[in-house]
Amino acid sequence: MSSLEEEERLVQMVHDFIESSESSSSSSPSSSKCLLSLQHHHQPSYFLTLQEILRSGNTEAEKEVLERVKKHLVMRSRRDGVLLKSSNGLKKWLVRKLKMDGFNASLCHTSWATSSGCPAGDYEYIDIMVEDEQTEEPIRLIVDIDFKSQFELARPTQAYKELTNILPSIFVGQEEKLNKIISLLCSAAKQSLKERGLHIPPWRTSTYMHSKWLSAGCQKCSENIESAFGRKNIEEENRSASVGNVAISMVKNPERSAYWGRGVCFCLLCSRSGLQVLV
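1 is the number of the first residue of the sequence shown in full-length UniProt numbering; add one for each residue after it.
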């Protein structure tokens, strides 16, 4: 996949997330249309229940994490030549950004063995430990920046398609909320496949889907995330972020431009000189 295609996909992903956030906060004409269609398909409870789940438990911490993630992804999508070539690399980059924001973020890798009707697999997502606003107890938030696509089906019914349309592209929430979403979507997927005369594939079973995020075999990679990301990529990112300010630096500081124009020191000079730095 080319950098341009990745950028377009990332921009669309963030756009979908913004739209899904707006639609979940109010009843829109399109939502009413979806509901009528689902009633016609004898599945109104799926739609209403999913709406209720998505609207519940949105704490201030979750909202803040969502805003930070959205901001970083939008900024990343606008940078030419520094987009990562894999979703794994993008998640590592995002973890690093969130840690710089002060969040206790980690990259989580889940894996599970083959069991009855469920093939072995693995998955990666981000988790953040925050403090409960009332009890001050630690709470684990799961962050998935490509959430909606995990529930795609081949030849979905219109009812299932409309159901997945209200899923957020970017998910931030607690395990309990995620568990409810997975259970509901797996049930709806089973019904969709049944109506199409298809068997449910092993990678769309409830056991397999739950294992992606809620598997007991979860390894956190919070340490040395910067070195795993790659020093070369970090330096390239810093240089790319400063390219637009080179001409300004040479005008403001002609005697220093020969030295400070090299490497990451340039960004520090711009910051101390009061010039705008593209981040």
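Please keep in mind that the hints were generated in silico from the structure rather than gathered at the bench.
Mixed in with the good hints, there may be bad ones.
As the list claims (entries may be wrong) - Derived CB-CB ranges, DEER-like: (1) GLU64 - SER183: 21 to 29 Å; (2) MET100 - GLU131: 37 to 45 Å; (3) SER149 - ARG78: 16 to 24 Å; (4) SER56 - SER149: 36 to 44 Å; (5) MET75 - LYS194: 37 to 45 Å; (6) LYS194 - ASP132: 21 to 29 Å; (7) PRO119 - MET75: 35 to 43 Å; (8) THR135 - MET75: 28 to 36 Å; (9) ALA216 - LYS161: 15 to 23 Å.
Since the structure is predicted, the reported quantities are computational estimates derived from the model, not experimental observations.
Where is the CB? At the ideal position from N, CA and C, for every residue including glycine.
Verification of the supplied hints:
1. The hint said 21 to 29 Å for the Cβ distance between GLU64 and SER183, and at roughly 27 Å that hint holds.
2. Between MET100 and GLU131 the CB atoms are about 19 Å apart, so this pair departs from the stated range of 37 to 45 Å.
3. Against the hinted window of 16 to 24 Å, the Cβ-Cβ separation of SER149 and ARG78 comes to about 22 Å, which satisfies the hint.
4. At roughly 23 Å, the beta-carbon separation of SER56 and SER149 lies outside the given 36 to 44 Å, and the hint is violated.
5. Checking the proposed 37 to 45 Å range against MET75 and LYS194 shows it holds: the Cβ atoms sit about 43 Å from each other.
6. A hinted range of 21 to 29 Å is violated for the C-beta pair LYS194 and ASP132, which are about 41 Å apart.
7. For PRO119 and MET75, the hinted distance range of 35 to 43 Å is satisfied, since their beta carbons lie about 38 Å from each other.
8. Against the hinted window of 28 to 36 Å, the Cβ-Cβ separation of THR135 and MET75 comes to about 34 Å, which satisfies the hint.
9. As the Cβ distance of ALA216 to LYS161 is approximately 33 Å, the hint placing it in 15 to 23 Å is violated.
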